[in-house]
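Novice: Which chain is which? The protein sequence lines are S and U, in order. No gaps in the numbering here: position 356 of the first sequence is 445 in the working numbering, and each next residue is one more. No gaps in the numbering here: position 228 of the second sequence is 391 in the working numbering, and each next residue is one more.
Hints were generated in silico from the structure; no laboratory data involved. Predicted model only: the values in this text are computed from it and were never measured. Some hints could be false.
Derived, one-sided and incomplete: chain U residues facing chain S with beta-carbon distance under 7 Å [claimed, not checked]:
{"#": "1", "residue": "V258"}
{"#": "2", "residue": "A472"}
{"#": "3", "residue": "G474"}
Positions of the beta carbon are idealized from the N, C-alpha and C atoms, including for glycine.
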Amino acid sequence: MRPVQDVLGPHVAAAGDPSQLLPAREQMAFTLGFHIILVPFGVALTTLMLVAHYRGLRKGDAEAMVLAQRWAKVSAVLFAVGAITGTVLSFELGILWPGLMGRYGAAFGFPFAIEGLFFFTEAIFVSIYIYGWRRLRPWPHFWTGVVVSLSSIGGAAAVIAANSWMNQPGGFTLVNGRVADVSPGKVFFNGAFWYELLHMLLAAYIVAGFVVASVYAVGMLRRRTVPDEGRATTSAGHDAARYNRLGFLIAFAIAAVAVPCQIVVGDTIARYVFDSEPAKFSAIELLPTTGTHVPETLGGILLDGKVRGGLQIPDGASLLAGFSVNTRISGLEAIPAQHRPTDREVSLVHLSFDVMVGLSFALLALGLWCAWLLWRRRVLEQQRWFLRACAVSGVAAVVCLETGWIVTEVGRQPWIVVGHLLTRDAVATQGNLWAFFAAVLAIYLAVGLTAGAVLVSMKRRWQAGGDDSVVVPYGPRGGVAGAPPEEAGTR
Amino acid sequence: MTDLIAVFLFVGVVAYAVLGGADFGAGFWDLTAGGAARGRAPRHLVDVSLSPVWEANHTWLIYCLVMLWTGFPRAFAAITTTLYIPLGLAALGIVLRGAGFAFRHASLRTPEQRVYGAAFALSSLLAPYCFGSVAGGIASGRVPTAGNGDPATSWLNPTSALGGVLAVLVCAYLAAAYLCVAAARQGDTDLEGYFRDRALAAAVVTGLVSIAGIFILRSDAHRLFVELSHRALPLVILAAVAGLGSIGLMLRRAGIPFGLRETAGAAVALVVLGWGVAQYPYLLGTHLTLDAGAAPRPTQWVLVGVAIAAGAVILPSLVVLFRLAGRGRLGGVTDQISG
Chain S
90 MRPVQDVLGP HVAAAGDPSQ LLPAREQMAF TLGFHIILVP FGVALTTLML VAHYRGLRKG
150 DAEAMVLAQR WAKVSAVLFA VGAITGTVLS FELGILWPGL MGRYGAAFGF PFAIEGLFFF
210 TEAIFVSIYI YGWRRLRPWP HFWTGVVVSL SSIGGAAAVI AANSWMNQPG GFTLVNGRVA
270 DVSPGKVFFN GAFWYELLHM LLAAYIVAGF VVASVYAVGM LRRRTVPDEG RATTSAGHDA
330 ARYNRLGFLI AFAIAAVAVP CQIVVGDTIA RYVFDSEPAK FSAIELLPTT GTHVPETLGG
390 ILLDGKVRGG LQIPDGASLL AGFSVNTRIS GLEAIPAQHR PTDREVSLVH LSFDVMVGLS
450 FALLALGLWC AWLLWRRRVL EQQRWFLRAC AVSGVAAVVC LETGWIVTEV GRQPWIVVGH
510 LLTRDAVATQ GNLWAFFAAV LAIYLAVGLT AGAVLVSMKR RWQAGGDDSV VVPYGPRGGV
570 AGAPPEEAGT R
Chain U
164 MTDLIAVFLF VGVVAYAVLG GADFGAGFWD LTAGGAARGR APRHLVDVSL SPVWEANHTW
224 LIYCLVMLWT GFPRAFAAIT TTLYIPLGLA ALGIVLRGAG FAFRHASLRT PEQRVYGAAF
284 ALSSLLAPYC FGSVAGGIAS GRVPTAGNGD PATSWLNPTS ALGGVLAVLV CAYLAAAYLC
344 VAAARQGDTD LEGYFRDRAL AAAVVTGLVS IAGIFILRSD AHRLFVELSH RALPLVILAA
404 VAGLGSIGLM LRRAGIPFGL RETAGAAVAL VVLGWGVAQY PYLLGTHLTL DAGAAPRPTQ
464 WVLVGVAIAA GAVILPSLVV LFRLAGRGRL GGVTDQISG
């Protein structure tokens with residue numbers, strides 16, 4: 090029944106798959122996995138920036154204004170990286186998956202057009218916002234930042250419309266295998282759209298919040314080891330310790346509020362998936378056979394179609410899915426053999442789900458810890474273990490994001506458009522995809538490392554003395570305008 | 164209706180050729196500007212002129228891709244399965260270029276700037292050549308309707324070579340003309356002359372290659388040649404007039420060359436339009452018409468809506484941006500404060 094090479098083969102591709110499938114999937118997974126990390130910063134870091142900006146304007150808070158300016162610059166750098174990786178993705182849709190775009194482009198291609206519109210708006214307003222410090226009146230300037238934030242949410246919504254359509258396709262009719270009619274509303278607002286969107290937006294606030302908070306947590310940890318520096322005023326005229334605490338608190342508060350919301354939303358979504366995507370749900374639950382009284386399996390993998398390892402909580406899955414031990418959950422056996430995901434795919438989906446949920450609860454605990462410390466009026470700067478935990482919270486949040494995305498996307502395999510088009514039928518049949526992948530990999534590594542280096546050097550310059558004449562993509566040049574920068578050359 | 168979508172798509176192609184083209188061309192002059200000391204001034208001008216707009220220009224490319232895969236999905240799949248090599252190279256070039264430019268802009272040390280700068284400049288050549296050769300492959304009918312055409316000859320052929328070389332030249336010409344005006348606005352007469360000479364040279368070479376191209380098209384893409392010399396002839400003539408006009412403006416050498424950017428841009432836009440008109444009503448060579456390759460009506464309506472929304476939202480905000488960027492450059496010192 091189960092294809093043997095699934096467990097013996099070196100990779101997740103199944104028998105009969107074209108040799109192109111593995112490199113194409115690996116490349117798509119890598120580039121999307123890279124790109125998705127940037128999304129939270131467009132969506133949520135800009136919100137953090139606006140919160141700080143609002144506070145700065147309302148209360149004349151100098152530190153908040155500095156935070157807003159710096160977060161805007163970090164957003165611009167990450168937006169530039171996102172623009173680059175997003176361009177590659179749109180080429181990849183054509184080069185790697187011509188079967189998908191050729192057959193279904195007419196149905197689900199237009200959300201990308203809407204995304205392009207939002208992206209364009211965002212690009213322009215990121216520039217306007219950054220140029221606008223000192224050149225626009227304060228409140229109009231603030232509102233240009235609101236446009237940045239809203240258009241990034243709109244862009245994310247459009248891409249999620251396309252992605253959720255692949256998971257729950259609808260709104261089109263086929264005649265002779267070709268898309269003959271389309272209901273754009275049903276394509277965009279497909280069955281999975283709203284919950285994927287809500288889940289992703291909350292994830293964005295969690296990721297951006299914890300990543301930023303972890304940066305300032307490290308700052309506070311460092312600062313305490315040099316007590317003299319504790320209340321130093323930088324050359325830019327702001328209180329460094331207060332700046333650090335404010336940056337930490339704004340980011341941490343938003344993330345910590347988003348986590349419990351996300352847990353409730355995620356739990357509800359799991360029941361939606363149980364109803365509307367039973368195949369994905371059986372992979373999440375690592376469930377080979379259909380039945381009632383299904384235990385919740387924590388950890389463990391699928392090997393030869395059987396569950397190995399893991400901790401089983403009796404009746405757990407049935408209770409969570411339908412609030413009753415008698416809830417019947419369909420297992421992998423319910424999927425026709427030729428359309429069943431491989432053992433490796435199922436194991437990956439299941440373990441990713443466990444990691445995502447586990448880390449979410451750890452982040453929830455971190456938020457409660459902070460609430461307790463603040464309630465007890467403890468000085469956060471002195472809570473070294475709390476700060477250490479915060480320092481790794483950013484990484485944990487990113488892992489949550491990636492694993493959640495794996496659950497959604499690997500959980501739809503072997504389909505690229507669930508029920509309509511198999512991934513292996515969509516892949517390009519010609520060309521050396523490994524070479525393309527290698528080139529993309531090299532460029533992404535370079536872009537990633539460089540972006541990291543640029544951010545670190547910005548941070549150093551800021552730490553060195555609040556020098557805010559940092560030059561960023563989309564921003565005007567620092568230094569004396571009109572004079573060429575020292576030895577700007579390429580040779 | 165389908166024609167309307169084709170027009171919207173082609174508006175994107177023209178915009179990308181004119182705006183993105185200038186962007187690529189700036190990279191070309193960056194590459195040929197010489198050593199770190201000698202090339203400092205022109206490179207700085209490239210940097211200053213591009214930084215506020217470089218991303219916005221390339222959004223036109225995404226716009227074209229999206230219009231194509233949504234509006235004409237079969238043609239899109241046929242093109243990507245045939246011309247995946249130049250398309251892949253162009254994609255890599257654009258990434259390298261964007262990264263190189265963004266990070267050269269953000270880095271302060273010269274060795275770093277050199278690496279980013281070199282990446283920026285080299286890929287500025289690669290990408291337009293690839294796009295030009297893709298256009299040549301499509302125009303000369305080397306992309307079969309079913310896709311999976313010859314991966315080599317579809318872009319390594321006379322028409323593609325012509326397209327690629329012309330694309331690089333046109334980019335260089337546009338950029339030099341724009342930069343000449345930018346230098347004149349700053350009152351930098353040395354740089355103005357520097358880019359004026361280069362724009363003139365590029366214009367002359369582009370003109371010569373275009374004339375040679377007539378013979379290439381006649382033997383290699385006959386229908387395109389016929390239509391260019393009939394239906395699209397007015398556009399070709401206008402393009403030639405605009406091109407000669409820009410040369411005339413440059414030869415006058417007096418004051419800020421008003422109208423130079425406009426005539427140069429118009430010349431390029433008209434050439435691209437000429438290609439579009441000559442190719443009509445075919446999407447691929449002479450075998451797939453626009454109507455046959457089009458998406459269903461409702462999808463087309465959505466695309467029309469998006470295109471109109473884009474015009475309504477984006478044009479005004481671009482104006483605000485250009486104003487702000489312009490104000491900053493004139494203001495000079497304000498850059499230092501806000502940077």
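Novice: Against this structure, judge whether each hint is valid.
Specialist: Hints, verified against the model:
no.: 1; hint: V258; in the structure: holds (5 Å)
no.: 2; hint: A472; in the structure: holds (6 Å)
no.: 3; hint: G474; in the structure: violated (10 Å)
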